[in-house]
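Using the sequences provided together with the hints, build the complete structure.
Residue numbers (this note's numbering), protein chains in the order written: chain A, 27 to 299; chain B, 63 to 349; chain C, -19 to 424.
Hints were generated in silico from the structure; no laboratory data involved. Errors might be hidden in some of the hints.
Said to hold, decoys possible - Computed footprint of chain B on chain A, listed as stretches where at least three residues anywhere in the stretch have a Cβ under 8 Å from a Cβ of chain B:
(1) 46 to 57
(2) 206 to 220
As the list claims (entries may be wrong) - Computed from the model, here is a short list of chain C residues facing chain B with C-beta under 8 Å:
(3) N80
(4) Q103
(5) G190
(6) K191
(7) G385
(8) D386
(9) G396
(10) K398
(11) A415
(12) A418
(13) A419
Computed from a predicted model, the values in this text were never measured in an experiment. Glycine is no exception: its CB is placed at the ideal position from the N, C-alpha and C atoms.
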Amino acid sequence: MMSRRVGVYVRTVIAAIASLVILIPLYLVFLGSLKTGAEVVRLDLSLPKDWLWSNYQEVFVKGKLLNGFKNSLIVTGSTVLITVFTGSMAAYFVSRRTEKWVGILFFVFFAGLIAPPSMIPAIKLLQTLNIAGEYAGLILFLTSLYLPLTIFIMSGFIKALPREIDEAATIDGASSFYLYSRIIFPLLKPSVATITVFVALYTWNDFLNTLYIISDSKKWTLPFSVYNFVSQYGTQWQYVFADLLSVMLPMLIVYLFLQRYIIDGMTAGSVKG
Amino acid sequence: MLHRRMYPIWFVAPAFIIFAVLYIFPTVSGFYYSLTDWSPYKDNIKFVGFEQYRDLFQTKALYEALKNTIFYAAIVTIFQNGIGVALALFLNAKLIGREFFRSVFFLPCILSALVVGYMFSTVLHPEGILNSLLELVGLGALSNDWLGNPDLALYAVAAVNVWQWAGSSMALYLAGLQGISKELLEAAVIDGTNYFQRLRYVIFPILMPIVTISVVLGLIGSMKTFELIYATTGGGPGDASIVMNIFIFKQFGQGLYAYGTAANVILFLVIGIMSLVLLRVMGRGDK
Amino acid sequence: MLRTFKLLTIIAVFGALLMACSNGNGGTATNNGSGGATSNNSTQQSEVDKKEPVTLKVMVASEWLNEKKWQPIFDAYEQETGNTIEIQSAPVNNYMDLVNTRLATKDVPDLLFYWGQEGKIKQLQPSKNLIDLTNEEYTARITPSVKNYFLSNEGKLYGIPVTGLNVSGVIYNKKVFNDLGLDIPTTYDEFLATAEAIKAAGIIPVYEAGKEGWPLQLYTFSAMASVINSQPDVINQVNANQLTFDQIADYVNALQQQYDLKSLGYVNDDLFSATLDMSMEAVATGKAAMIFQADWQIDPILTKYPDAEIGMFPQPYGQDAYAGISDPIGLYALADTDNSEVAKEFLAYFASEENLTEYFNAVKSIPTWTGLTVELNPGTAEMNEHVEAGKAVPFFNALTVVEIGDYQGLLQQLYGDKLTAEEVAKNLQENIKKAAKAAGIEGF
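See below:
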């Protein structure tokens, strides 16, 4: 019993020290976001003379963060929904069917992980479909970008579920969809939560794809806001830091929320063996 | 028959349609451009066969970039997964504030490459806090110009990459560990195994599909790295840390569109071959 | 449950397709009143002289927008005409590719801020995409050398200069020079002697921002100004592929001299991690005596360090000291957009003497337009004497027929002992050759 308790404490201390590696650089950026222009150029952990929370206000206004937030929400929310929804079903299909052509299909999806999209043909295609410059175009493009990742990751988790489950349910009279939605999907909660976090992250932070597809500056997402404060000869780092931290905050909340879900899904996810 | 009823085609149709239209088509057209003299200078594009590739293979910079890319990817993949597994195992055990720590280690994944770039340009600066820390613990002799030293730059950025993404590997492994039934582990304890035996015979086998996924994804992602390197060293100093995607970016920057696309095709083929080999080798334990 | 889910799937797929098909009025923003309606509209508008407010789409690089102080002109224009200026900005590193993409996909703005170098303008296919401004009223008021060297392609002028004439040279800390009793060097030997004296006093002679990269180019840009002045045909020969850069002895020599500064200990030790901010701090606080820069840096330095005493002199090469002229940023109007006429009006508005005088007094830069009285920044005023005496030549990368590629990377490798001076020149030539071939330039 005693050694167990000691073990807990020892592990906690080790974790705390290790987490400094993560937290100290972040703290540096945080401090920088509260300094003046001259102070922020210094490279150490010195504290700002005055804690300029007003920097955040300046960033909020000049960076039009509210508008950016709304836009990011639309793009990220839609992309995540469509990607996870269609991707998990596709992963299920690809993992369970055994025909040769399905294997090739998986391979095609997998190639999407590696192949680089070519922006000019992509944009021309979106123009043909009349969705270039619109959220719909961006959302569908990003979806196609992250479907391979979704399918690849979820396939792995689905493969860990034995086929006996499927067969048992089917013998009991379940339809394909009932089997998927009522039995398989709940068992996938940890991985669905995980892939949701990843797709949300990538989409939230997406800059280049959005830059090329969306030409209306009113529709721009949060990552664009930081460029209000850069210049070739005199970037205002304190605002840059404040902006970057502000943009990161919603994603942090999403992760904290979903992270619980990943752990709670553990009872549903455990496999009898 | 039953098979097809159990897993009907309409499950995969939506995903496939979106993917085929918006991804396959533009990418394949892109590849076609590498066989032309496409550039922003003129509108009419001529087919030139493999001329771009011939020019590419005669460029020393291509091989530099390829070499760097592969080194970088190898280092990042190994360390990211190694540390990721260790973190997952560690943070799956009992300790105080476990959830807090899990969030902390995942935190860097949430940051954009820009933030990480600025952060570490500061931390790894000769007068930055890493060197200050080394001096503090008496290891001042090791202090260096981490990002500015051409011999160290690539490895320094690789370390930054691991810093940022080890948490994502950890997340994947943690999710996988939840799938290992408690009964199985308890039975193994009762059987008198020690921790390492349990690791080897119970945990890792079940974790194998996830390891495969994580390693392959890690490899692909790190071979395609662009934003992080661009934000920390820009490929420098003087091409010391140039990787394929930065090389390609520079070609596009000079209006060499077809040439850059050809390099992209080469990168695609290299990554494709490497990941297929890896999948084959690692997936064997799966069947 | 099954039905709901099946329904949801169908909705997801068809929803996506519907979004695609129904967005007839979405698409690109230039699709206002396109198609068959234009012919009717133009006859109607010429009959009724009503002026409907127009939205001009303007593309610009974020960094330029943040520092070049054009906003007052935009605001004044909107006030006076009731039109709106809609700005699309992108970071400068992605800007060129983005502009090229927009042109390729025909999603063009009405006005475009862009570099003034011919090698870059070429990529816009100006004869097809831009409005020829050669015969506009205001064109006559542009400084002749600017019209001659920049903003044009194949003899036609396409853009108006919207920044000052920035010149390269040496920004120096006056206090350090005064304390050490140093005069401004006018030949290269004097320059080396000056550097030696500064080094002996324990101050860094020259602070190079190696990590930043682009400032490293300014040394050779300035040196080559002297070279081109004495050998005017040199770049023309390069452009016709009759001469290569590694064959220009003075160029290789200049590269070698830049490298030698490091071996002689005249350059900062932390060269490779030195950023622009650090170089500003160094020369402003007297930690270093000199930086190789252009006068665009003076305003940012004085903004951050208002008490700094800095000045500027042209960088010597051999027996001479010439200033290099950077290409100004130009404002171009896109041809064949719905708002082309209004866009041209905006150009004329910007080019009014009143607006220009106000603008150049705000940035305190050497005007690129004639007939303006402007108060200049300290270092700029000193350099202007040289410009007016004709001792200034454009940067050589503005004179080459195509872009020179990643020059700063080559210079970093020079300082890093990875390439010799001659190899740098050879690589530079390679870059030019590749780009010239892609552009279909004769002779390559």
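Original post:
Checking against the hints above, which ones are violated?
Top reply: Every hint satisfied by this model.
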